[in-house]
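2 protein chains.
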Amino acid sequence: MLSSVKRLLIGRPLKSTALGEQKLNIFKALAILSSDALSSVAYGTEQILLVLATIGAIAYWYSIPIAVGVLFLLAALILSYRQIIFSYPQGGGAYVVSKENLGVNSGLLAGGSLLVDYILTVAVSVSAGTDAITSAIPTLHPHNVLIACILVVLITLLNLRGLTESATILSYPVYLFVIGLFILIGVGIYKIMTGFVPSAPHASLGSPVQGITLFLLLRAFASGCSALTGVEAISNAIPNFKDPAPNNAAKTLILMGSLLALLFSGITFLAYYYGISPKANETVVSQIARETFGRNYLYFFVQGTTALILVLAANTGYSAFPLLAFNLAKDKYMPRMFTIRGDRLGYSNGIVSLGIASILLIIAFSGKTTQLIPLYAVGVFIPFTLSQTGMIIKWLREKPAGWVAKLTANLIGTIITFTVLMIFFITKFGQVWSVLIFLPIIVLFFHRIHTHYEAVGEQLRLDPEHPAVKIEGNVIIVPVAGITKVVENSINYAKSITDQVIAVYVSFDREDEKRFEEKWEKWCPDVRLVTLQSHYRSVVQPLRKFIDTVEHKASESNFRVTVLIPQFITKKSWHNILHNQSSLLIRTYLVYKKKVIVATLPFHFKK
Amino acid sequence: MLSSVKRLLIGRPLKSTALGEQKLNIFKALAILSSDALSSVAYGTEQILLVLATIGAIAYWYSIPIAVGVLFLLAALILSYRQIIFSYPQGGGAYVVSKENLGVNSGLLAGGSLLVDYILTVAVSVSAGTDAITSAIPTLHPHNVLIACILVVLITLLNLRGLTESATILSYPVYLFVIGLFILIGVGIYKIMTGFVPSAPHASLGSPVQGITLFLLLRAFASGCSALTGVEAISNAIPNFKDPAPNNAAKTLILMGSLLALLFSGITFLAYYYGISPKANETVVSQIARETFGRNYLYFFVQGTTALILVLAANTGYSAFPLLAFNLAKDKYMPRMFTIRGDRLGYSNGIVSLGIASILLIIAFSGKTTQLIPLYAVGVFIPFTLSQTGMIIKWLREKPAGWVAKLTANLIGTIITFTVLMIFFITKFGQVWSVLIFLPIIVLFFHRIHTHYEAVGEQLRLDPEHPAVKIEGNVIIVPVAGITKVVENSINYAKSITDQVIAVYVSFDREDEKRFEEKWEKWCPDVRLVTLQSHYRSVVQPLRKFIDTVEHKASESNFRVTVLIPQFITKKSWHNILHNQSSLLIRTYLVYKKKVIVATLPFHFKK
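Quick note, the sequences are listed as chains S and H, same order.
Residues in the first sequence are numbered from 32 upward in steps of one, following the numbering used here.
Residues in the second sequence are numbered from 32 upward in steps of one, following the numbering used here.
Any given hint might turn out to be false.
As the list makes no split between identical chains, a pair holds if one copy fits it or if it spans any two.
Stated by the list, open to error - The calculated BS3-like cross-link candidates involving lysine-lysine, where the alpha carbons are at most 25 Å apart (straight line), are:
| no. | residue 1 | residue 2 |
| --- | --- | --- |
| 1 | K501 | K526 |
| 2 | K626 | K526 |
| 3 | K399 | K526 |
| 4 | K399 | K516 |
| 5 | K526 | K584 |
| 6 | K576 | K46 |
| 7 | K545 | K37 |
| 8 | K584 | K437 |
No lab work stands behind these hints: they were computed from the structure.
From a predicted model like this one, the values you see are computed outputs, not experimental measurements.
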């Protein structure tokens, strides 16, 4: 039953050899991996204007030079990540680059930030999308959290179905959004050029603005940089590309950068030219679309696809998180289970963990995750800075052909990203301080996992000097509660293994003990019976003491002790509460506490 | 750690031989077993007046003849249960009486009603007590449900500590309540006799009342009968008494009946004489106490002890439920676990189940359990009627000395309780209809459990005609994932049992398979290695197929198949998430689905 539900939701299992078919071409990869970056266009310009609005509309013209700055940073990042893709074609992005060039801790810091960041991406973008939905249908508003959780579950299921399938479904909304924005920008510019838009009261570039400070401009710049989150995703997900993977990934990266640059400049320009102010109840993009089209179907098309892409931005996290977790797990910094491919060849454990973590976050913040956005921006600029610094070290060390140009690109990138990171910490410390606490904790945990796995490896390694000593024989202890078919089966099995079989009976009073001893003597005189008195009515305690004694004696002559416990397999699952409590107790206790082997002998009820 | 918390809350385990010390003397038994019945005094009179108030104050004098009727029923019940105590000194009350004389289904009906009733008692009385507390401290009001749940947990813990300990703690409030009410009634009557109370505007007995109907009087009578719930508790709990148990139980019953009669008549008389009307925001007892004492410390003493006894009424359920469940479980109508005495010699499973069930009920009704009171009254009058009918049959069949008098007592009791039951169904059908649905379901479930245990007994019974066939030998399958110390241990153990050892390796690709085969050949050439290809990356599926094949072959020559699975025992519990996922999966699957023996070989990590 369970497995058919699973099959319905996720699809039939795929053979390992089908892995190649699950790889992405450029068209699909662009849709899936750039949805996060492209969706930032929906709010990037607004973030800049919100900061400038504290001075007044006169300051809005600064959005143009700030946007130029953002574009410049974008170009540096794209160039830099392009170099990372070719240098580290196995993927892993910032984690691998930092680890290889700056040391393990930097790598873990980059990896940890990104893992947290992808969880934040999913929580924030799904919450934003849910807000858009419930703003349109207000009766759904009280169910915000539930709807967000359902959306996360749906995206998780889609990703469990596999990459190509989710890419096929999810690429339409992304391209529709891009088309919608291009039409918007095209029509807007056409109208401006043909003079249709009434000359808006925008201040011309360079107008003097009173009260403007460097601090404010830096804040506006940092806010605008939030449009750049998601740029790193492609470098983590190179193994998901069709061959030649690095080339395809690099092409996708360039395409994404160009689209992002075009859309961001277009929207920022229109906002400036129309003289648009950010409003509490209408987004900047909505205002631009309304001014350009009026409230017609094109306006609703832009609004609809914007809401969709906000939800789908989550999907970038789903593509990058499992691969990053795989890389960390491969290096033994995360549980081994993240290296296992599921039925549909995705790293299911990573996908499911991401889903669960973001649902917990959504519930913890009651769906109000916008306060997490600054955290999220910091979380991505840390790996940006680390990975570029790593590349600088790499060029300096290896000095390949043309390394000066490459170094320059990364150096500029490092300086800008580090500056932005500092601006974040200085201008928004109240919102991002928690990063300074939880990132070290995460890195510490990575180390503890690593230490454990290393210790385990050492303990498991064969020692040819000291091979295991030959076992001389076996003692089997069979706890019995009566003389039944189960006991008959157990004794029969035990006798087939060794002639050292001890039946143990725990009795609560003397008379019962005597009665049982007599019955046993009659039924099975060739197997030794030991009766134990339990003054405290516990079966486990006397059994434990007895097993200790036997184990101690047996180990002296290198005998192994096996405890044989019957397990009733009931026909109906509710029957389980009528049985097996003692077996379970004994088994759990013995497995975890003792050095004995615990054998479970199933007894299948026929009714 | 866990066990020391348990010891702190519940106390050190008691030896089985200490059972005698855990028995109750009359003084403690009266406190513990009559708190339910005595607490009814706090609301019994009020219930009658509430019905009469629908006609008007003129009708209040009817409370006197109605109270006489209730007292008459009380006397019949006490007499009748006294006879039950001596006839069935092993306890079990209505369940045993009905089962022995009327047949199994009547017994189960009586037992089922009482079980449900004790759950309702706990939920209703604790909710009522919580209401009293939060009325006094209104800031606590929003936490009603939480407080009620905490109270249930406290009472549960107290009962897990054992009978005498809970009796010692809980008897003070009960006796204080009794003393308080006696002072109230004494002072009240003294004041009336000395003429201190201004002649109240009460209608004299026998005044004609317009609009009074038989239906209304019957409803008032039935409501007054809710004061009689709890009378049966002693007959269920006879084994908890010090020897001679039946005599002590009978004395306690008579004492309880007398106290109940005195208090109930006193309160009803004062209410009538003072001409008190039931009010929404003040109880009848509070009004009487205020009129008698004024708002001085005696008034608050009565109010405080009344609130306490409402909570403690729950305790009667805790004494009776586990013993009733024990009786049902002994007869195989409930899971066997209800027959096991815990560390402190109480039937812990019954106590804990009662606690959990009432917490669930409190949560389900958000602490508003007053609507359950009629259910609760019906639930107790069903076993009243059944047990007395059972006693009639018993006297008719056995005809012991003086049987006519005994029969008469039970006959009168039966007629009245049956009448009250019918009145409940007729006058409050809307509130009690659900009994007609869930009681048959409970009885059905008792039967299904019984059928299952019977079937199990049959399947477990030794068949001397067909003794178990001797096992010819053993095959041990050892799933291996590499060549490590764990594998070395496993193979070593397997070889000590049989020479039919098969190591199984599940590989995901051909190269890996080949490599492993070569390594194995070098390391352990004398143990056969089987490699299985897993196209779908599942370890369990290919293993399952392989085990099926081996099992099939082995069973032909009467060989047993054992699968040996290593289990890592980690030093720290959080390390568990880093290991054992596959072992757990394989073991769970094999134990439940297959006929093979599953042996768990522990490997203790040292760090």
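Taking the hints in turn, this is what the structure says about them:
1. For a Cα distance limit of 25 Å, the shortest separation of K501 from K526 qualifies both inside one copy, at 21 Å, and across copies, at 9 Å.
2. Both within a single protomer and between protomers do K626 and K526 lie at most 25 Å apart by alpha-carbon distance, with minima of 22 Å and 18 Å respectively.
3. When the C-alpha separation of K399 and K526 is checked against a cutoff of 25 Å, the pair qualifies neither within a copy, at 65 Å, nor between copies, at 61 Å.
4. With identical chains, the CA atoms of K399 and K516 are never at most 25 Å apart, being 61 Å at best within one copy and 51 Å at best between copies.
5. In this assembly of identical chains, the alpha carbons of K526 and K584 lie at most 25 Å apart whether taken from the same copy (20 Å) or from different copies (21 Å).
6. For the identical chains of this complex, K576 and K46 are inter-copy neighbours only, at 17 Å across copies versus 50 Å inside a copy, given an alpha-carbon limit of 25 Å.
7. Within a single copy, K545 and K37 get their C-alpha atoms no closer than 54 Å, and across copies no closer than 33 Å, so neither meets the 25 Å cut-off.
8. For a Cα distance limit of 25 Å, the shortest separation of K584 from K437 qualifies neither inside one copy, at 71 Å, nor across copies, at 67 Å.
The structure shown violates the earlier hints numbered 3, 4, 7 and 8.
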